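Enquirer: Residue numbers (the numbering used here), protein chains in the order written: chain A, 1 to 273; chain B, 1 to 601.
Hints in this document: simulated from the structure, not taken from any laboratory.
Bear in mind the structure is a predicted one, so any value in this text is a computation, not a measurement.
Ideal Cβ placement from N, Cα and C applies to all residues, glycine included.
Be aware that one or more of the hints could be misleading.
Restraint-style ranges between C-beta atoms, simulated for each label pair [unchecked claim]:
no., chain 1, residue 1, chain 2, residue 2, range
1, B, Glu43, A, Gln239, 50 to 58 Å
2, B, Arg47, A, Thr246, 32 to 40 Å
3, A, Gly19, B, Pro33, 46 to 54 Å
4, A, Phe219, B, Leu428, 24 to 32 Å
5, A, Ala59, B, Tyr30, 58 to 66 Å
6, B, Pro387, A, Ser254, 31 to 39 Å
7, A, Gln239, B, Glu135, 14 to 22 Å
8, A, Leu215, B, Gln425, 18 to 26 Å
9, B, His267, A, Phe165, 56 to 64 Å
10, A, Thr172, B, Pro33, 21 to 29 Å
11, A, Gly19, B, Pro387, 54 to 62 Å
12, A, Gly253, B, Glu135, 18 to 26 Å
The list that follows gives simulated cross-link-like pairs (lysine to any residue, SDA-like), each with its CA atoms no further than 20 Å apart [what the hints assert, rightly or not]:
no., chain 1, residue 1, chain 2, residue 2
13, B, Lys504, B, Arg494
14, B, Lys451, B, Gln434
15, A, Lys242, B, His95
16, A, Lys73, B, Thr329
17, A, Lys242, B, Gly130
18, A, Lys242, B, Pro132
19, A, Lys242, A, Leu167
20, A, Lys242, A, Ala150
21, B, Lys288, B, Leu315
22, A, Lys73, A, Ala150
23, B, Lys502, B, Ala477
24, A, Lys73, B, Ala332
25, B, Lys288, B, Ala311
26, A, Lys242, B, Ala96
27, B, Lys502, B, Ala522
28, A, Lys242, B, Arg270
29, B, Lys451, B, Tyr420
30, A, Lys73, B, Tyr325
31, A, Lys157, A, Arg244
32, A, Lys73, B, Leu331
33, B, Lys288, B, Ala247
34, A, Lys73, B, Leu327
35, A, Lys242, B, Met129
36, B, Lys502, B, Arg475
37, A, Lys242, B, Ala93
38, B, Lys388, B, Arg319
39, A, Lys73, B, Gly328
40, B, Lys288, B, Arg494
One-letter residues, chain by chain:
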Amino acid sequence: MHDFEFLRFVNIGQYLPTGSVIHRLDPRARLVAGFLLLAAITAAPRWTGLVIALVVLLAALLIARIPVGYALKGLLPPLPFIAFLAVVQILFGPRSAAVTPLWTWGPVYVSAAGLLNGALLVLRFAALILALSWLSFCISTAEIVRALDALLAPLTKIGLPTHAFVLMVQVTLRFLPLLALEAERIAKSQASRGAEWGTGRGGLLRRARQALPLLVPLFLTGLQRAENLALAMQARGYQGGKGRTTMMPLRFGSVDAAALALAAILAIVVVCV
Amino acid sequence: MHGNLQAFSAGFAYPAQTSLIEFTNVTYAYPLPNGGRIAALREISLRIEEGEYVAIVGANGSGKSTLARHLNALLVPDEGRVIVAGLDTRDQAQHATIHRTVGMVFQRPEDQIVASLVEEDVAFGAENMGLPPAEIRARVDEALAMVGMTEQRMRPPHQLSAGQQQRVALAGVLAMRPRCIVFDEATAMLDPAGRHAVRAMMADLHRAGLTIITITHFMEEALDAQRVVVLERGRVALDGSPEMVFADVSLLRTLGLDLPPAAGLAHLLRQHFPALPAGLLTVPALVKALDALPHHAGESPAAPVEPLPVAGPPLIEVRDLGHTYMLGTPLAQRSLEGVTLDIGEGAAHALLGATGSGKSTLMQHLNGLLRPQEGTVRVGEYALHDPKTDVRAVRRMVGLVFQLPETQIFEQYVGDEIAYGPRLQGLLGDSLRQRVRWAMEMVGMGFNAFKDRFTFALSGGEKRKVALASILALRPAVLLLDEPTAGLDPASHREVLAHLQKLKETGMTLVLSSHQMEDVAALTGHVTVLDAGRTVLDGRVCDVFAQGESLRALGLSTPVVTQVVEGLRACGWPLPSGLVSAAALIAVLSQYVLVNGLNGF
């Protein structure tokens with residue numbers, strides 16, 4: 001019954017301005033801290049580190065005044081996918097002569113190590129998704145853009161077009177919700193013409209073919225929007241990053257430094273325990 | 001918006017003897033993919049003076065937008081030249097200065113906003129100028145105050161209404177402190193309140209000394225200007241005061257245009273009351289002229305003369321419908337609240353309301369795109385609140401034409417596009433052909449002339465008709481239309497209305513939402529007014545439009561006939577209030593106006 005609300009439970013990318021302590025930090029500190037945590041979770045070799053990461057994330061959600069239930073709901077859509085990966089890992093994971101299988105059936109083979117690996121995979125994915133959602137709850141796209149612009153600025157000295165890159169990110173971020181809305185609108189419109197959305201019918205091939213009436217208009221309106229935007233930017237005097245100034249220069253204070261240091265320490269703990 | 005405008009304009013000082021913008025024999029052609037070129041402007045010469053307020057009008061393809069893009073060097077002429085504030089637009093080095101001299105607000109509000117935060121977007125142009133941060137901050141704050149968007153400065157633009165987004169776009173231009181602002185169909189996508197706000201701002205900025213150029217399909221907006229330039233196929237066809245340009249109806253029609261609604265009504269009334277002077281363009285002028293005619297007043301009001309709208313037994317029944325988007329998330333948003341509605345078979349029913357009042361959500365409940373979360377919806381024999389109901393059958397019975405449906409065309413050929421729906425229903429061969437032919441004829445497109453045309457090469461009005469035909473090809477019993485005439489030029493607008501009228505006469509039930517009160521008055525018999533997801537007014541079209549006061553409070557307006565009646569009643573004429581059609585108005589006026597000492601015809 002909510003077949004057309006494509007983004008209802010996808011909460012990565014959803015900014016929630018609660019005005020918490022975390023939201024008031026310099027965006028560069030938030031962005032770097034988030035990436036440190038993400039890197040640590042990806043690299044953490046043992047389950048103790050991942051459990052610590054989950055605890056840290058829960059605390060971070062509470063401090064950021066995000067409803068924990070809503071954050072956890074974000075785990076639901078990718079759950080079947082993660083479960084599938086975990087089962088593959090358990091059944092077909094690497095085997096060695098040193099471990100004794102708990103259960104075998106033809107090529108299928110379950111060992112204690114395999115089970116542990118499967119559990120690690122689930123934990124890791126859950127922590128990654130939570131960390132990504134936390135980051136997007138706490139930092140708006142506008143702030144990401146400003147932070148990236150400031151962080152990448154030194155690279156312009158070696159001739160990289162960082163400003164153009166940041167603008168590209170900015171426009172993409174700004175147009176994603178518009179494209180999602182557009183996709184919803186087109187899907188609804190084609191459904192009114194008899195396409196089988198929201199009726200839960202049709203095989204894989206049929207579904208693929210149905211995508212055409214969705215993708216062609218989406219692509220065309222996307223192009224049209226891009227052209228309109230380019231024109232509007234040109235009309236407002238945009239000529240690349242050269243000679244451009246910014247309204248809000250960022251300030252990195254001692255609180256930001258402390259928060260960043262704390263995130264770095266936590267990241268090291270997650271990897272090393 | 002007021003207050004600081006004087007201070008804003010005081011900073012400028014420039015020589016007055018030269019024109020601000022000067023076109024000399026400008027010719028421009030768009031290159032085609034096959035190497036050819038298609039002419040858009042032909043030898044246009046035009047001068048726009050500092051402080052003028054100019055409206056540019058013309059049918060689709062007349063070259064309005066191309067002309068607009070030459071005003072600030074977004075396009076450069078192939079031949080001839082454009083001088084802006086003394087600078088030749090062919091000189092690339094001057095473009096930065098030209099862009100900040102002549103700012104531009106575009107048609108689609110959401111496409112011209114760059115940043116994901118209102119105030120950062122307003123700062124974009126000023127940042128491009130390389131100003132110091134404190135100066136940018138000051139200009140942004142000032143511009144936001146001028147458009148009345150200071151409170152929304154920290155919000156993401158996609159959460160604003162179209163009218164608010166358009167004000168943000170205007171603020172972004174104002175922060176660059178231009179001498180001239182071009183509005184390129186900037187009101188086309190707005191509801192009456194949004195349109196009114198943008199028009200008021202144009203007038204304020206003009207009073208503050210800025211040059212305003214507006215490009216529009218709405219003739220009543222051209223009346224706001226001091227000067228109207230009419231384009232036809234790339235040439236200036238007329239150039240003069242609104243009084244002069246709107247004097248000749250038949251000439252306007254041949255140029256693909258129309259009179260402003262009030263002037264159109266005055267023109268019609270003059271045929272019955274020849275004593276009315278010519279050149280009445282606005283409702284107040286028309287009311288004043290009518291009141292000056294010899295008439296007798298003080299009698300008891302005549303009985304309402306509007307014909308009773310057609311409506312059979314109830315076909316659509318909505319009871320206590322409630323809907324929340326993003327239910328169960330922190331972003332949950334209540335969209336409908338206790339809506340109750342009946343639509344009879346064969347009726348034409350309008351849904352009115354400002355942007356975001358829930359009209360689209362309600363419509364989507366009527367063909368099963370949304371299922372009721374609360375309350376019930378019954379369409380014919382189908383109960384949509386029953387999860388077992390087959391929504392495909394409902395969608396077949398109820399066709400929905402979305403806003404700007406031409407953006408959803410995906411086939412290469414017109415015939416295939418229209419055949420998409422019936423094909424999915426299983427129609428083949430000759431019966432499919434017959435169905436497509438019928439649908440095309442219903443929108444006035446010849447089957448043989450159009451079926452093999454490329455969809456992308458059609459004009460805006462033709463695309464709209466293809467999109468309409470592609471729904472009609474499903475042979476729905478009910479047709480839902482979301483803003484069916486939005487963004488069309490006057491000629492296409494008239495044509496689409498005529499086709500809808502024809503569909504109504506075939507007995508099809510029509511439900512439409514529109515910001516065009518004249519369309520609603522011409523087409524529908526019943527009206528439901530929504531505000532913040534609730535029904536606030538509901539009834540026959542004449543009864544609802546009689547409540548001008550409440551409608552205006554909701555950000556809506558009334559058709560010109562109703563406005564004239566309201567004006568005359570205020571002058572003491574004992575007219576019945578429930579009038580919406582020109583025919584009824586003429587019939588009633590004939591009872592009061594004295595022609596040669598006798599009552600009218």
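Enquirer: Next step is simple, just say for each hint if it's right about the structure.
Expert: Do the hints match the structure? See the list:
1. Glu43(B) with Gln239(A): 50 to 58 Å: violated, 31 Å
2. Arg47(B) with Thr246(A): 32 to 40 Å: holds, 39 Å
3. Gly19(A) with Pro33(B): 46 to 54 Å: holds, 52 Å
4. Phe219(A) with Leu428(B): 24 to 32 Å: Given about 29 Å between the Cβ atoms, the range holds.
5. Ala59(A) with Tyr30(B): 58 to 66 Å: Roughly 60 Å apart at Cβ, these two residues keep to the hinted range, so it holds.
6. Pro387(B) with Ser254(A): 31 to 39 Å: violated, 58 Å
7. Gln239(A) with Glu135(B): 14 to 22 Å: Roughly 19 Å apart at Cβ, these two residues keep to the hinted range, so it holds.
8. Leu215(A) with Gln425(B): 18 to 26 Å: holds, 22 Å
9. His267(B) with Phe165(A): 56 to 64 Å: holds, 59 Å
10. Thr172(A) with Pro33(B): 21 to 29 Å: holds, 28 Å
11. Gly19(A) with Pro387(B): 54 to 62 Å: With a Cβ separation near 41 Å, Gly19(A) and Pro387(B) fall outside 54 to 62 Å, so the hint is violated.
12. Gly253(A) with Glu135(B): 18 to 26 Å: This hint holds: roughly 24 Å between Cβ atoms.
13. Lys504(B) with Arg494(B): holds, 15 Å
14. Lys451(B) with Gln434(B): holds, 12 Å
15. Lys242(A) with His95(B): holds, 15 Å
16. Lys73(A) with Thr329(B): Cα-Cα ~9 Å, so holds.
17. Lys242(A) with Gly130(B): Roughly 9 Å between the alpha carbons, so the hint for Lys242(A) and Gly130(B) holds.
18. Lys242(A) with Pro132(B): Holds, at about 14 Å.
19. Lys242(A) with Leu167(A): The hint holds at about 13 Å.
20. Lys242(A) with Ala150(A): holds, 15 Å
21. Lys288(B) with Leu315(B): violated, 44 Å
22. Lys73(A) with Ala150(A): violated, 33 Å
23. Lys502(B) with Ala477(B): Holds, because 14 Å separates the two Cα atoms, which is no more than 20 Å.
24. Lys73(A) with Ala332(B): Roughly 14 Å separates the two Cα atoms, so the pair holds.
25. Lys288(B) with Ala311(B): Not satisfied, since the Cα-Cα distance of roughly 37 Å exceeds 20 Å.
26. Lys242(A) with Ala96(B): holds, 12 Å
27. Lys502(B) with Ala522(B): Given pair Lys502(B), Ala522(B) holds - Cα atoms ~12 Å apart, limit 20 Å.
28. Lys242(A) with Arg270(B): Violated, at roughly 62 Å.
29. Lys451(B) with Tyr420(B): holds, 13 Å
30. Lys73(A) with Tyr325(B): With Cα atoms ~17 Å apart, Lys73(A) and Tyr325(B) stay inside 20 Å; holds.
31. Lys157(A) with Arg244(A): Holds: Lys157(A) and Arg244(A) sit about 16 Å apart, inside 20 Å.
32. Lys73(A) with Leu331(B): holds, 13 Å
33. Lys288(B) with Ala247(B): holds, 19 Å
34. Lys73(A) with Leu327(B): holds, 13 Å
35. Lys242(A) with Met129(B): Given that 20 Å is the threshold and the Cα spacing comes to 10 Å, the pair holds.
36. Lys502(B) with Arg475(B): holds, 15 Å
37. Lys242(A) with Ala93(B): Holds: Lys242(A) and Ala93(B) sit about 15 Å apart, inside 20 Å.
38. Lys388(B) with Arg319(B): This hinted pair holds, its Cα atoms lying about 19 Å apart.
39. Lys73(A) with Gly328(B): holds, 10 Å
40. Lys288(B) with Arg494(B): violated, 29 Å
This entry does not satisfy hints 1, 6, 11, 21, 22, 25, 28, 40, going by the numbered hints stated previously.
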